[in-house]
Amino acid sequence: MSIDLSDLPGRPVIIGGGAAGLMTALQLAPEPVVLLSKSPLGAEASSMWAQGGLAAPVGADDSPALHLADTLAAGAGLCDAAAASRIVHAAPAAVEHLAELGVAFDRRADG
1 MSIDLSDLPG RPVIIGGGAA GLMTALQLAP EPVVLLSKSP LGAEASSMWA
51 QGGLAAPVGA DDSPALHLAD TLAAGAGLCD AAAASRIVHA APAAVEHLAE
101 LGVAFDRRAD G
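According to this note's numbering, the sequence shown is numbered sequentially starting from 1.
Don't take each hint at face value.
Said to hold, decoys possible - Between beta-carbon pairs, the in silico distance windows are:
(1) Asp-62 - Pro-32: 19 to 27 Å
(2) Glu-44 - Ala-81: 24 to 32 Å
(3) Ala-81 - Ser-39: 31 to 39 Å
(4) Gln-27 - Ala-84: 31 to 39 Å
(5) Leu-78 - Asp-7: 22 to 30 Å
(6) Ala-69 - Ala-104: 44 to 52 Å
Just so you know, the hints here were simulated from the structure itself, not pulled from any lab data.
For each residue, glycine too, the CB sits at the ideal point set by N, CA and C.
Turn these sequences into a full structure, and let the hints steer you where they fit.
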């Protein structure tokens, strides 16, 4: 399908149909957006590598500090600690927001 973007003046253009692109579109709603994806939404996005999983410090036995330590250890020196900290601390609110939007999460003791 070919679309002439000049027919959509002033519309935000989101590139990518993975979790980040779709969440951006949701955040902009009800503003109409143009979402460009080379494949069906979610089909080839990096989000698929997560196999449907999402890690966030939301359990009673978890905290942002513990989760950050786990994240940095798993990253084996490749993580930007400041960026990881911002993401980890924002994650509980993001999970709550997704749940409010109707996203169903499996919450199991084994992760």
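Verification of the hints:
Restraint check, Asp-62 to Pro-32: a C-beta distance of roughly 38 Å breaks the suggested window 19 to 27 Å. Distance hint for Glu-44 and Ala-81: a CB-CB separation of about 30 Å, consistent with the stated range 24 to 32 Å. Against the hinted window of 31 to 39 Å, the Cβ-Cβ separation of Ala-81 and Ser-39 comes to about 33 Å, which satisfies the hint. Here the CB-CB span from Gln-27 to Ala-84 is close to 22 Å, at odds with the stated 31 to 39 Å.
Distance hint check: the CB atoms of Leu-78 and Asp-7 are about 43 Å apart, inconsistent with the given range 22 to 30 Å. Between Ala-69 and Ala-104 the C-beta distance comes to about 29 Å, which lies outside the given range of 44 to 52 Å.
Checked against the numbered hints listed earlier, the structure breaks hints 1, 4, 5 and 6; every other hint is satisfied.
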